[in-house]
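Using the sequences and the accompanying hints, generate a full structural model.
Protein chains: 2
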Amino acid sequence: MPSDDPLAELVALLGRLPGIGERTATRLAYFVLAEDRAYASALAGSLGVLHDRVRRCASCGNFTSAERCRICSDPRRDGAVLCVVARVPDLVAIERAGSYRGRYHVLHALLAPLDGMSADRIDLDALSARVRADEVREVVLATPLSVEGEATALYVAQSLRPLGVKVSRIASGIPHGGELEFADQVTLGRAFEGRKDL
Amino acid sequence: MPSDDPLAELVALLGRLPGIGERTATRLAYFVLAEDRAYASALAGSLGVLHDRVRRCASCGNFTSAERCRICSDPRRDGAVLCVVARVPDLVAIERAGSYRGRYHVLHALLAPLDGMSADRIDLDALSARVRADEVREVVLATPLSVEGEATALYVAQSLRPLGVKVSRIASGIPHGGELEFADQVTLGRAFEGRKDL
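Chains as they are written, first to last, in my numbering: chain A, 328 to 525; chain B, 328 to 525.
Everything labelled a hint here was simulated from the structure, so no lab data went into it. Here a beta-carbon is modelled for each residue, glycine too, at the ideal position from N, C-alpha and C. Check the hints yourself; a few may be wrong.
As the list claims (entries may be wrong) - Short, incomplete list of chain B residues facing chain A, as computed with Cβ under 10 angstroms:
| no. | residue |
| --- | --- |
| 1 | A339 |
| 2 | V359 |
| 3 | Y366 |
| 4 | G375 |
| 5 | H435 |
| 6 | L441 |
| 7 | D442 |
| 8 | I501 |
As the list claims (entries may be wrong) - Coverage of chain B stretches by chain A, computed from C-beta distances (three or more under 8 angstroms per stretch; other residues unrestricted):
| no. | region |
| --- | --- |
| 9 | 331-338 |
| 10 | 417-431 |
Take a look at the structure:
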């Protein structure tokens with residue numbers, strides 16, 4: 328990354344963003360150049376203070392600019408139910424859906440033994456301590472339905488067993504509006520396995 | 328844009344980039360948060376100095392960190408042929424194609440009377456002065472083949488007429504590998520109009 332070519336440097340940095348290839352990064356850099364400098368300054372300023380001003384919630388790991396996030400600070404949320412997610416965007420998606428009224432626990436990691444991410448990346452002590460301290464009745468495991476997400480769910484469930492707390496896993500099946508014709512075999516199998524009495 | 332929510336502020340700023348909606352902007356912001364702070368700092372730094380370190384080439388308007396761009400400084404480029412483009416990314420695309428060996432003139436604007444962009448946004452005096460000073464033999468108009476690009480090409484061509492320089496327009500027709508079946512009427516019409524003897 329030669330610092331004597333500021334444009335190439337910016338393109339290289341933007342190209343590290345997810346879903347942004349070199350072509351798009353170049354287009355974005357030219358856009359910033361064509362805009363007046365106030366925009367570039369505002370974006371630079373916002374990025375520069377991001378890590379200082381946004382921290383992890385001391386209770387659940389959600390991003391917050393305060394000591395505790397707005398969900399942990401909200402007395403109307405049910406502290407007896409904990410939803411375990413891998414990443415903050417998953418929490419945001421569940422909040423957008425609007426039906427869950429409990430609190431969260433963000434792992435910020437997934438078990439992926441093949442990629443060399445060992446179990447010590449996941450802080451189970453913090454989760455166990457919280458389950459005990461908050462008298463949690465149920466832990467809902469909402470890690471992804473991928474191999475890594477399933478492995479992590481299993482691992483967390485096992486670690487919680489000695490505490491006697493109820494542990495559940497979100498349902499897997501055909502998505503809303505989905506056609507059976509186009510569902511993959513695993514999803515169809517899960518949909519049958521998880522069938523409910525009517 | 329409430330400054331008490333640094334994440335929302337960054338999402339709003341990223342959302343102004345072309346092709347980046349709120350959903351993508353949110354994903355990018357979370358990515359930056361999940362990366363270590365060195366990345367955010369580097370990106371902030373790069374954006375912060377961009378407008379100071381990248382300027383317009385004094386000769387042609389291309390972006391450069393020097394007084395004159397690398398194309399204008401290259402003695403092997405044919406100074407007697409000038410290619411007029413609307414924006415720097417167009418110049419970059421022509422350079423990538425690799426067959427053009429002349430120099431450029433970047434307008435940084437297009438004629439778009441309907442959008443209120445009047446002709447005074449286009450600096451024709453600089454172009455005329457350059458044609459005279461560099462003893463240019465041919466000006467190739469490579470503005471887009473859109474309504475605005477065509478209007479601009481016509482406008483530039485008219486202004487150059489008194490100088491007696493040869494003015495040409497890049498060809499319009501079916502793109503390489505293109506099927507006639509899927510070409511629009513205007514393109515097909517231009518392909519016939521611009522046919523060449525074999």
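Hints and how they fare:
1. A339: 9 angstroms, holds
2. V359: Holds - the Cβ of B/V359 comes within 10 angstroms of chain A, reaching about 6 angstroms at its closest.
3. Y366: Because about 7 angstroms separates B/Y366 from the closest Cβ in chain A, which is inside the 10 angstroms limit, the hint holds.
4. G375: 4 angstroms, holds
5. H435: 8 angstroms, holds
6. L441: 21 angstroms, violated
7. D442: 16 angstroms, violated
8. I501: 24 angstroms, violated
9. 331-338: holds (count 6)
10. 417-431: Check failed, 1 qualifying residues.
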